[in-house]
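Chain L is fixed; fit chain G with the ligands onto it per the hints.
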Amino acid sequence: MLRIACPYCGERDQVEFTYGGDAASGFPALADADLDRWTDAVFIRDNPRGEHRELWQHQHGCRQWLYVVRDTVTHAIQSVVPARDASPAAGADGR
Amino acid sequence: MTHYSAFTLIRKALGANRGWTRAWRNAEPRAGYDFVIVGGGGHGLATAYYLAKEHGAASVAVIEKGYIGGGNTGRNTTIVRSNYMIDGNTRFYEKSLQLWEEMSGELNFNVMLSQRGQLNTCHSPAQMDAAARRGNIMRMNGIDAELLTREEVRRRVPILDFSDHARFPILGALWQQRAGVARHDAVAWGYARGADRHGVDIIQGCEVKGFLQEQGRIVGVRTTRGDIRAQKVGLAVAGHTSHVARMAGLRLPIETHLLQAFATEPVKPMLHCVVSFGAAHFYVSQDDKGGLVMGSDLDGYNSYGQRGDLPIVEETMADAKALIPLLSRLRVVRQWSGVMDMTMDGSPIISKSPIDGLYIDGGWCYGGFKATPASGWCFAHTLAKDRPHELNERFTLDRFRRGHQLDEKGGGPTPWAH
Ligand SMILES: Cc1cc2nc3c(=O)[nH]c(=O)nc-3n(C[C@H](O)[C@H](O)[C@H](O)COP(=O)(O)OP(=O)(O)OC[C@H]3O[C@@H](n4cnc5c(N)ncnc54)[C@H](O)[C@@H]3O)c2cc1C
Ligand SMILES: [Zn+2]
Numbered sequence: 001m002l003r004i005a006c007p008y009c010g011e012r013d014q015v016e017f018t019y020g021g022d023a024a025s026g027f028p029a030l031a032d033a034d035l036d037r038w039t040d041a042v043f044i045r046d047n048p049r050g051e052h053r054e055l056w057q058h059q060h061g062c063r064q065w066l067y068v069v070r071d072t073v074t075h076a077i078q079s080v081v082p083a084r085d086a087s088p089a090a091g092a093d094g095r
Numbered sequence: 001m002t003h004y005s006a007f008t009l010i011r012k013a014l015g016a017n018r019g020w021t022r023a024w025r026n027a028e029p030r031a032g033y034d035f036v037i038v039g040g041g042g043h044g045l046a047t048a049y050y051l052a053k054e055h056g057a058a059s060v061a062v063i064e065k066g067y068i069g070g071g072n073t074g075r076n077t078t079i080v081r082s083n084y085m086i087d088g089n090t091r092f093y094e095k096s097l098q099l100w101e102e103m104s105g106e107l108n109f110n111v112m113l114s115q116r117g118q119l120n121t122c123h124s125p126a127q128m129d130a131a132a133r134r135g136n137i138m139r140m141n142g143i144d145a146e147l148l149t150r151e152e153v154r155r156r157v158p159i160l161d162f163s164d165h166a167r168f169p170i171l172g173a174l175w176q177q178r179a180g181v182a183r184h185d186a187v188a189w190g191y192a193r194g195a196d197r198h199g200v201d202i203i204q205g206c207e208v209k210g211f212l213q214e215q216g217r218i219v220g221v222r223t224t225r226g227d228i229r230a231q232k233v234g235l236a237v238a239g240h241t242s243h244v245a246r247m248a249g250l251r252l253p254i255e256t257h258l259l260q261a262f263a264t265e266p267v268k269p270m271l272h273c274v275v276s277f278g279a280a281h282f283y284v285s286q287d288d289k290g291g292l293v294m295g296s297d298l299d300g301y302n303s304y305g306q307r308g309d310l311p312i313v314e315e316t317m318a319d320a321k322a323l324i325p326l327l328s329r330l331r332v333v334r335q336w337s338g339v340m341d342m343t344m345d346g347s348p349i350i351s352k353s354p355i356d357g358l359y360i361d362g363g364w365c366y367g368g369f370k371a372t373p374a375s376g377w378c379f380a381h382t383l384a385k386d387r388p389h390e391l392n393e394r395f396t397l398d399r400f401r402r403g404h405q406l407d408e409k410g411g412g413p414t415p416w417a418h
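For the record, the sequence lines run as chains L and G. Its first residue numbered 1, the first sequence is counted upward by one per residue in the numbering used here. Its first residue numbered 1, the second sequence is counted upward by one per residue in the numbering used here.
The following block holds chain L by itself, in its conformation from the complex:
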């Protein structure tokens, strides 16, 4: 069982959270009509074997979106911060 340290609620079991996928892929600006950039954002992933930046929502807790750095081989979690503080790609709704 992963234990995710929510910055608001403390360390909780993974089953309280919903996975939101790769956090590295932010969407282009809505006015941007470039097909390649949109294909890349929607469908293409780095899918690293090792350090992965990803989103989780504390669904059964504070309902905040979190930005988690986790290793995809060992599953060890390096850091958890609120998604809105984490990266320009991840907005308040986790996208």
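Hints listed in this document are in silico derivations from the structure and should not be mistaken for laboratory results. Any given hint could be a false lead.
The calculated EDC-like cross-link candidates involving lysine to aspartate or glutamate, where the alpha carbons are at most 20 Å apart (straight line), are [claimed, not checked]:
| hint | chain 1 | residue 1 | chain 2 | residue 2 |
| --- | --- | --- | --- | --- |
| 1 | G | 352 | L | 40 |
| 2 | G | 209 | L | 46 |
| 3 | G | 209 | L | 51 |
This is chain G with the ligands only, laid out in the frame that chain L set:
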């Protein structure tokens, strides 16, 4: 090489079973080949087999980092079926099932295909409608399908929960008689032996660490046992496709996820077909040793870990008990997992890559065992002829860019939830 038959069995038995020869050579890598297939699972071995046999390729190697069949081929729950609905999938999986039906004879190796039938249970009127629609589409494509009523399901599998307090009452089911299970290791061994007989080198304990590139073209692979040159390199590394393709500078529409499987202690025959639970993503069959083999959802977060986590153990057992209450009295004696390529639309990729000399067979999600023969058949064709077979022409890499996804479930690009 020994031809296997009842006669050979008797003759060898009389000779105290001495003198059996190796089923395939353990080859040393040569300096170069026409075709190098990376990954010695069922798909890679089948590809090499059909390349040599159907396309007359004289110089083919399969390179496997561990031992053949040690990946998902040897870890899956062995369900074989062709109940697909979308154009592009239907005929491909039906071709695969037809190749399964001939496989033991074709390879002179018993893959123990058991066409015991598969039930997909329905638990609401809407699910019955969806099953009828799927069944009709299958039949229009010449694939067998039958819609069963609650009573017909009960006659076939009385141990399902037909009680008044069933959590998910069973209204009926979609039945495919020709579906079933097969012996997974035997598929890898049978194709390996067949490929070897046609001159393919099977090189185990040899990991691909990078690619040889010249003028933007892939001309071979770097391995833990030295460089191996190749006219064409084909990837069949299920679960590791992104990881290996990255070494050539490619990013793919794939995420790698965990799937677990479970087996109970052996009991007398009690489940005579494969059952898939329509109320959850759960499936179960009884293997020839008597154990019930079960699986359910993905673990749900990106992982290359090859070991499953507890939440899915709980979910699978809850599903099992909701569908077949008496399973709660059995002990689970084994649990394992594999890592799989989950594509953004849930359908596979058999395609040339944007880099010359590199070809990709991957993205099999949790359904690639049944695809093994057709995947090898189509990938061999694509490699040999430099264009897809008509059965895999929709499994391209660029379908995502063109908006031609093959999303059987209509789930969208959320591969962890497929
Ligand atoms: C638990 C579980 C249950 C499943 N149940 C079913 C089912 O019921 N029905 C069904 O149809 N499908 C099922 N599947 C899916 C199915 O097992 C796979 O899609 C299929 O076996 C893939 O075959 P393959 O030959 O491509 O992969 P594999 O057998 O995994 O072969 C890939 C090989 O590539 C090798 N490799 C990887 N990287 C390198 C490298 N760098 N260099 C050299 N070699 C490398 C690996 O060691 C491996 O042996 C299941 C999968 C799992 C994990
Ligand atoms: Zn919280």
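Review point. Hint numbers the structure violates, sorted upward?
Key: No numbers; nothing is violated.
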